[in-house]
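Trainee: Listed in order, the protein sequences are those of chains A and B.
Take the first sequence: its position 191, counting from 1, is numbered 191 in my numbering, and each next residue is one higher.
Take the second sequence: its position 36, counting from 1, is numbered 36 in my numbering, and each next residue is one higher.
Treat the hints with care, since some could be wrong.
[Claimed, not checked] Within a straight-line C-alpha distance of at most 20 Å, the following computed DMTMM-like cross-link-like pairs (lysine to aspartate or glutamate) qualify:
no.	chain 1	residue 1	chain 2	residue 2
1	B	115	B	195
2	B	82	B	237
3	A	64	A	98
4	B	115	A	210
5	A	135	A	86
6	B	106	A	212
7	B	106	B	91
8	B	115	A	212
9	B	156	B	146
10	B	106	B	24
11	B	106	A	221
12	A	64	A	95
[To be verified] Over the 12 Å line for every Cβ pair with chain A, so calculated as not near, a few chain B residues:
no.	residue
13	82
14	157
15	198
16	207
17	212
18	227
19	247
Please keep in mind that the hints were generated in silico from the structure rather than gathered at the bench.
These numbers come from a predicted model, not from an experiment.
Positions of the beta carbon are idealized from the N, C-alpha and C atoms, including for glycine.
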Amino acid sequence: MNPVPALRFVVRVALQNIVRNRGIAFASLLTVTLTLLGAGAAVGVVFALDKVLQQEESQASVLKVFMADHISFASALNLEHTLASEPSVQSASFENKDQAAAQASSTLGLGGALHILETSGGGNPLPASINLHLKNIAAVTAINNQVSTSDLLFPGPHQTDYNKDVIPRVEHYILAAQLGGAILVAVVGAVALVIITISVRTAAFVRRQEIEIMKLVGATDWFVRWPFILEGLILGVISALLASGVLLGVGVAFGSGGSLALGVGVQLAVLISLGLILGGAVLGSFGSLVGIRRSLAT
Amino acid sequence: MSISTSPAPPRPQVAETTRPVRHEPPIIVFQNVSKTYHNGAAAIRDVSFTIPPRDFVFVVGASGAGKSTIIRLLIREETATKGHVLVEGQDLARLRRRHLPRLRRKMGIVFQDFKLLPNLTVAQNVAFAIQVTDPGRSHLKEKVGEALYIVGLEDKLNTFPTELSGGEQQRVAIARALVHRPRIFLADEPTGNLDPDAGWGIVQLLLQINHRGATVVMATHNREVVDLCRRRVLAMEGGCLIRDEQEGQYLKDGEANL
Ligand SMILES: Nc1ncnc2c1ncn2[C@@H]1O[C@H](COP(=O)(O)OP(=O)(O)OP(=O)(O)O)[C@@H](O)[C@H]1O
Ligand SMILES: [Mg+2]
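Bound conformation, chain A alone:
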């Protein structure tokens, strides 16, 4: 079989199918686009949550042990030294009140408020602290208990910024996003699949006379199938391009700097788009295969 004219035939029939049955073709386009939009958005959200989790995890391995104002610099340094020699501690560093204020101004934007407090004689309210970098997060609880309950060199308890709830909470959100995304994609995907199947079945019904003649004169099953598979494939890929376009548009509109909305990088955006195109192609061609099956039964 010569591939070029065969391809020409297949492409012509597929395009005619879409144009002739444009109503149902449009419906499949819409539902597949929705499915893929859902899938793409879910991937973006899960990615963003995952990044939050990573940040929390890296921050969680930092434990701030706050110093009351009456503790002398020497005692504090002594404590820092003691803590640094703990096996689970990677490093320890002393942060004085001024450094804490500078940090708060730059990351929390509290510079103005602190300035007003200081100039009005209220002084700097932020405590000095010893910041511990732990080797792993699992050790945070143990060290926290040790530091906050025991009297190391001078009377405790010492306050820390330990918050044991953050990580499980973020993990919980990620699970919810993954689950919600999966359910959404499964439901809308099933609907999209059904509509593509109906679309191809309609096209096959419109062409039943042609299919009958093709079989009669000895066309192979695959030759009968290909135009319909291509039809589904075209619808699926166009939907994927639409979905990618919308997602990229939204991402760029709400993004900032070098990344899109939710902090999605360009590389991930391209990856998501490629994934959507693959998904659209699979949805489209699988739906077509199901749709054309009945017409091929002898």
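Place chain B with the ligands on chain A using the hints.
Mentor: Showing chain B with the ligands alone in chain A's frame:
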């Protein structure tokens, strides 16, 4: 697509009688074939016959006698419930689905309703059979022109089926069935929708195709045609083969009128 008339061989004369070659192995064999449809209707029962290459056979019988069932078994649209149907020695029950196209390409098949595609021209309808089986085959126009020349429609290439008479439409269907140069030509009531003159023209054409070397099986109720042609007749009644005669008639004298 437009196809210009190509120089074609001289039109063959209307067939004189060609004798089938009986020392060659039969091209079609029915061996105790029964067919019961899904709804339990026994369409044919224990039917046996053989057809040698280049034979011309009428299958006759009243409505519901099982004529179309025989054709459908031959093109393997249906499979026998019991017994064996062999085409060129091959048992069709054992034919794999992927080899079905090869069987169909050996056969020219026409029906009472011509099964032409209304939105294609005459030439496109004929070309369709080649495009969907052997796309890119060279000399497409010549092959289409030749087939249409044989059926006498070489001047209607760009006409649409709806602009043709019934007889002409059936000729287009025959031309389409001829493009693969079939060794077996099957016609189920090809004259059923035609007036006697047009019908007779179609029968002449089938005789000519037979004369060119194809085995022809034609199912029909048309008694004048059968009686005039003096060819082999397989007579069906209630699903049973009741007569098989060389140079037979639709009904023998003394049999009940249908
Ligand atoms: N697809 C089918 N399903 C069920 N029963 C069928 C089917 N096709 C035919 N039959 C039955 O099988 C019997 C033989 O049918 P068949 O079509 O072979 O007859 P025929 O001789 O061609 O009749 P006609 O002259 O009316 O075309 C009939 O009783 C018919 O009702
Ligand atoms: Mg019939």
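Trainee: All hints, please: hold or fail.
Mentor: Going through the hints against the structure:
| no. | hint | in the structure |
| --- | --- | --- |
| 1 | 115(B) with 195(B) | holds, 18 Å |
| 2 | 82(B) with 237(B) | holds, 19 Å |
| 3 | 64(A) with 98(A) | holds, 16 Å |
| 4 | 115(B) with 210(A) | holds, 9 Å |
| 5 | 135(A) with 86(A) | holds, 11 Å |
| 6 | 106(B) with 212(A) | holds, 17 Å |
| 7 | 106(B) with 91(B) | holds, 15 Å |
| 8 | 115(B) with 212(A) | holds, 9 Å |
| 9 | 156(B) with 146(B) | holds, 13 Å |
| 10 | 106(B) with 24(B) | holds, 18 Å |
| 11 | 106(B) with 221(A) | holds, 17 Å |
| 12 | 64(A) with 95(A) | holds, 9 Å |
| 13 | 82 | holds, 19 Å |
| 14 | 157 | holds, 19 Å |
| 15 | 198 | holds, 22 Å |
| 16 | 207 | holds, 23 Å |
| 17 | 212 | holds, 19 Å |
| 18 | 227 | holds, 30 Å |
| 19 | 247 | holds, 31 Å |
Every hint, counting from the list given before, is met by this structure.
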